[in-house]
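Input sequences plus hints: build the corresponding full structure.
One line per chain: the protein sequences are F and U, in this order.
Take my numbering: the last position of the first sequence gets the number 160, and nothing is skipped along the way.
Take my numbering: the last position of the second sequence gets the number 320, and nothing is skipped along the way.
Keep in mind that the hints were calculated from the coordinates and are not lab data.
Hints may contain errors.
What the hints assert, rightly or not - Distance condition first, Cα-Cα at most 25 Å in a straight line; then the derived SDA-like pairs of lysine to any residue: (1) LYS148/F to ARG264/U; (2) LYS4/F to GLY36/F; (3) LYS141/F to MET309/U; (4) LYS148/F to TYR48/F; (5) LYS308/U to ILE138/F; (6) LYS285/U to GLU311/U; (7) LYS141/F to LYS279/U; (8) LYS148/F to GLU297/U; (9) LYS282/U to ARG104/F; (10) LYS301/U to ILE103/F.
Every value quoted in this text rests on a predicted model; they were computed, and no experiment measured them.
2 protein chains.
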Amino acid sequence: MNEKGFQDYYPHELSYCYGCGRLNEEGLKLKSYWDGEETVAIFDPRPYHIAVPGYVYGGLLASIIDCHGTGTAAAATYRAEGREMGTEPPLRFVTASLHVEFIRPTPLGVTLEIRGIVKEIKGHKVVVSATVSAGGEICAKGEVVAVKMPEHMMPRSGMP
Amino acid sequence: MNEKGFQDYYPHELSYCYGCGRLNEEGLKLKSYWDGEETVAIFDPRPYHIAVPGYVYGGLLASIIDCHGTGTAAAATYRAEGREMGTEPPLRFVTASLHVEFIRPTPLGVTLEIRGIVKEIKGHKVVVSATVSAGGEICAKGEVVAVKMPEHMMPRSGMP
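See below:
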């Protein structure tokens, strides 16, 4: 997947997210894409993203579900409005709630696939369900309720 | 708080958690303590734990709620069994589900206080509710359903 991810279209000043901002040097830089009606992201946990030795940290799984959810919310809203991603005004979502069920321990050292499905788009709110799989087995399921970023959270300048 | 946190009593081989393991050099090293019937942890997000500039990343909040929840589950079970923390056999919990409501944007650069309340202890399952506050205002609420770590997740050696 060499095309631009959803998060690559976020405006400069909204691209410092630790989970998916392309400008956060310390961050996870998750990138999400369309795959038909679903969205997909691929992520390789770092060796230190440990829960107990051999297994991935749950908070990391929650984080990538969160960012895949808000990215999917933005992409789905552009699509619903018949707009190209990145056109003005920018669409950026934040998380109102996040729910994660840990189905089985997630092996460390295996590439993870995160898949999202848009369950609802209604005004400023988008509900996205997601799965995280390792080696074809679903290890975690989640749901993200994303809402359009409130105006007062918008940074005034381009730098954090 | 100079006393040992709950997580300091985890056995060596179960102390590599990215969120709270004392032996994970890259990790967050969250430490949780009793405060009467509640549990408390203090955490300073790092400057790069950004959602959008000025605000804390939601996945980080989910992570500290998660680790405070499983730590509280372990401490509460020791207490319920009338045992000192750290006595054998070790009690270590993993997360079955995690729910987080983001109430308001969490300011970056402010020390966070995480508080936990045990809602239920029943066999292998402990339910913990938690809040994250900044400057006395609750920014996020969460619930962790923690279960005793299954035997097959136990590391065989002391190293990850």
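* Are LYS285/U and GLU311/U close enough, with their CA atoms no more than 25 Å apart? -> 15 Å, holds
* To do: Would you check the hint for LYS308/U and ILE138/F, treating anything up to 25 Å between C-alpha atoms as holding?
  => Given pair LYS308/U, ILE138/F holds - Cα atoms ~21 Å apart, limit 25 Å.
* Asked: If you draw a straight line from the CA of LYS141/F to the CA of MET309/U, is it 25 Å or shorter?
  -> 19 Å, holds
* Asked: Holds or violated: are the alpha carbons of LYS148/F and TYR48/F at most 25 Å from each other?
  -> 33 Å, violated
* Agreement of LYS148/F and GLU297/U with the hint, judged by alpha carbon distance not exceeding 25 Å -> Answer holds: LYS148/F to GLU297/U is near 22 Å, not above 25 Å.
* Distance restraint between LYS141/F and LYS279/U, which requires alpha-carbon spacing of 25 Å or less -> This hinted pair holds, its Cα atoms lying about 24 Å apart.
* To do: Below or equal to 25 Å on CA atoms is what counts here, so check LYS282/U against ARG104/F.
  => This hinted pair holds, its Cα atoms lying about 21 Å apart.
* To do: For the pair we were handed, LYS148/F and ARG264/U, check the Cα-Cα distance against 25 Å.
  => 13 Å, holds
* Holds or violated: LYS4/F to GLY36/F, with C-alpha atoms at most 25 Å apart -> OK: LYS4/F and GLY36/F at ~16 Å, within 25 Å.
* Are LYS301/U and ILE103/F close enough, with their CA atoms no more than 25 Å apart? -> Within the cut-off at roughly 22 Å; holds.
In this structure, the one hint that does not hold is number 4.
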